[in-house]
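Line by line, the protein sequences are chains A and B. Taking the working numbering, I'd label the letters of the first sequence as residues 412 to 748. Taking the working numbering, I'd label the letters of the second sequence as residues 4 to 289.
To be clear, the hints were calculated from the coordinates, so they are not data collected in a lab. As the structure is a prediction and not an experimental result, all values here were calculated from the model. Ideal Cβ positions, reconstructed from N, Cα and C, are used throughout, including at glycine.
Chain B stretches covered by chain A per the calculated footprint, using a threshold of three residues with CB under 8 Å from any CB of chain A:
id	region
1	11-20
2	32-45
3	48-57
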Amino acid sequence: MLGRAVSDAGLLAGVLADPERAAALDAGSWAAVMAVARAEQLAGTLAHRLAGLPVPEPVARWLADAREAAEQARRTALWEAEMVRRALAPLGCRTVLLKGTAYVAAGLSAGQGRQIGDCDILVPREALPAVEAALIGAGWEWAKPDAYDNAYYRRWMHELPPLIHEGRDRMVDVHHTILPPTARITPDAEALIADAVPLGDGLHVLSPADRIIHAAAHLFADGDLSGGLRNLWDIRCLLDDGAAALEVRAAQHGLGREVTRAMRLAHRVFGAAVPDAYRQARASDAPYLRRLLARDGWGRATRRGTRLGFYVRSHWLRMPPALLARHLWIKWRRGPA
Amino acid sequence: MRYRFGVRVGPVSFRVGSDRRAPVAQLRDLYAGYPAPEVGIADHTVRLEAPRPWRRWLRPQVRVAGDFELPGAVPLPARHALLAAEMAMNLQMALGHRRHLLLHAATVEQGGRALVMTGESGAGKSTLAALLAGAGWRLLGDEFALIAPDTGLAHAFPRPVSLKNESVAAVRTAWPDARFGPELVGTPKGTIRHLVAPADSVARMDEPARPALIVFPRFGVAPDIRPVPPAEAFVRLTEASTNYVALGERGFAALTRLVREVPAVALDYPDGATGMAAVERCWAAL
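Input sequences plus hints: build the corresponding full structure.
Structure follows, in structure tokens:
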């Protein structure tokens with residue numbers, strides 16, 4: 412049951428997994444659930460999950476606000492995607508929406524109530540120079556004018572340095588694959604683009620299996636799991652939508668381990684529908700679980716050691732040791748931004 | 004968190020957690036007589052915490068934290084924790100509140116009608132609001148005007164009035180029995196002191212008012228009054244609003260309605276007494 416034995420983030424996860432559990436929350440637990448949901452960017456998601464259920468009056472108002480904020484985020488994201496579509500249409504290259512923008516554009520359950528920040532797109536690597544020029548011609552400009560950052564992105568990253576629109580103040584991240592080229596795993600970027608699904612307006616989204624694989628790669632093979640609970644919720648929804656031959660496809664991208672971990676943890680944390688083989692958590696999942704739920708009822712980050720461990724790991728995953736040493740050396744000499 | 008405080012101000016409630024006792028005691032004092040959050044559940048969480056563990060003891064600091072935070076915000080010395088709490092509450096409103104169109108404005112009421120004064124920091128809106136409250140107007144708030152999109156009414160949000168530098172003495176002179184919070188010396192905005200909101204203003208916090216006049220005050224210049232046409236008022240108020248963009252079409256509808264229905268004036272004034280007299284004159288001419 413939902414006692415104080417679970418972390419406050421665990422309390423939120425339990426309610427997202429099974430909204431009926433909200434009936435058992437007292438005032439203190441509600442405050443904790445709301446603060447964690449804010450901190451983990453899951454307020455809109457919570458609002459969607461609890462729609463129509465009886466909740467205390469102040470919670471109902473809070474949820475209505477969160478629902479409306481998410482609706483505004485959805486509208487803004489779709490408009491931004493349309494702006495990108497218009498800027499890139501003359502190039503004739505396939506443009507694939509990724510993450511939040513893709514979920515709302517394709518009307519997926521993962522998009523319901525989702526907070527959406529940047530507009531992430533995937534284009535063929537050879538099209539990058541033309542895409543960049545077209546976006547700059549349409550009013551986007553460099554968000555990070557620093558020469559080292561710029562060179563770093565271009566040489567070692569799976570995306571262009573972020574571009575921000577001068578008028579709308581919205582960021583676009585142009586990817587040519589889904590993991591940094593310096594990482595040990597190299598997904599099949601051509602297959603991602605070739606098998607993408609058209610939306611009808613000229614834009615594409617990844618195939619159902621590739622959506623899950625991308626989300627799992629993003630969560631477990633890249634980054635330090637910041638915002639990981641939200642990413643795991645995405646995976647839970649994407650798994651619910653179903654994907655044919657997921658394991659085979661994951662193996663093709665070299666991401667079998669990440670995808671099976673995603674299935675086990677999405678089941679463990681959010682009760683995702685997964686095959687029996689993935690219903691039992693493994694010992695190696697424990698630190699991930701610890702990190703994903705490292706948030707207290709005041710919205711504070713907890714478990715410093717675990718967080719630091721995953722931070723160090725994120726750099727280790729991204730770069731071979733010599734490159735990492737060089738990168739940290741340059742960043743250190745330059746001092747904090 | 005170790006020390007906790009909850010308060011409802013008009014339609015919005017906060018819970019404040021602190022790892023120090025002093026700021027919570029100061030908040031209890033400033034907000035004595037305010038109701039607690041409805042059924043104990045607040046809209047916004049504010050945290051007063053040390054930016055680094057050792058900053059609890061060594062040259063102690065607090066940072067402005069909560070549901071919504073500004074990346075790179077500079078921590079304040081612990082003796083200014085009360086200011087951090089007020090800033091954090093303002094930040095939650097500015098970035099998180101969606102139920103009303105928010106204008107960075109001071110608002111006072113008379114006979115069910117509201118006077119909305121908006122301008123940049125230093126324009127004197129808080130001072131004018133405090134002086135008017137001392138002269139019998141009901142204070143709706145000195146930081147935000149809350150305009151309900153469906154009714155166009157201004158809802159009260161009567162927090163303590165943040166007065167800076169000379170305005171503390173000016174208000175004290177004009178209003179000898181006013182009650183103040185502690186003097187905060189050497190803040191980024193100079194000396195700050197919070198004027199406790201009048202009891203009547205707190206007691207009637209759930210009573211909204213119909214906006215009747217918008218004033219754009221400017222302090223320290225030769226006296227002048229000129230009408231501001233709706234289009235100009237609209238543009239100025241989009242700049243004064245913290246959530247106009249976030250509200251989308253609802254924000255646009257609320258703001259266009261406001262500038263259509265409510266006359267606006269730009270009011271230049273050299274000192275508090277002149278400003279107050281000019282405001283009263285504009286009000287009488289409505």
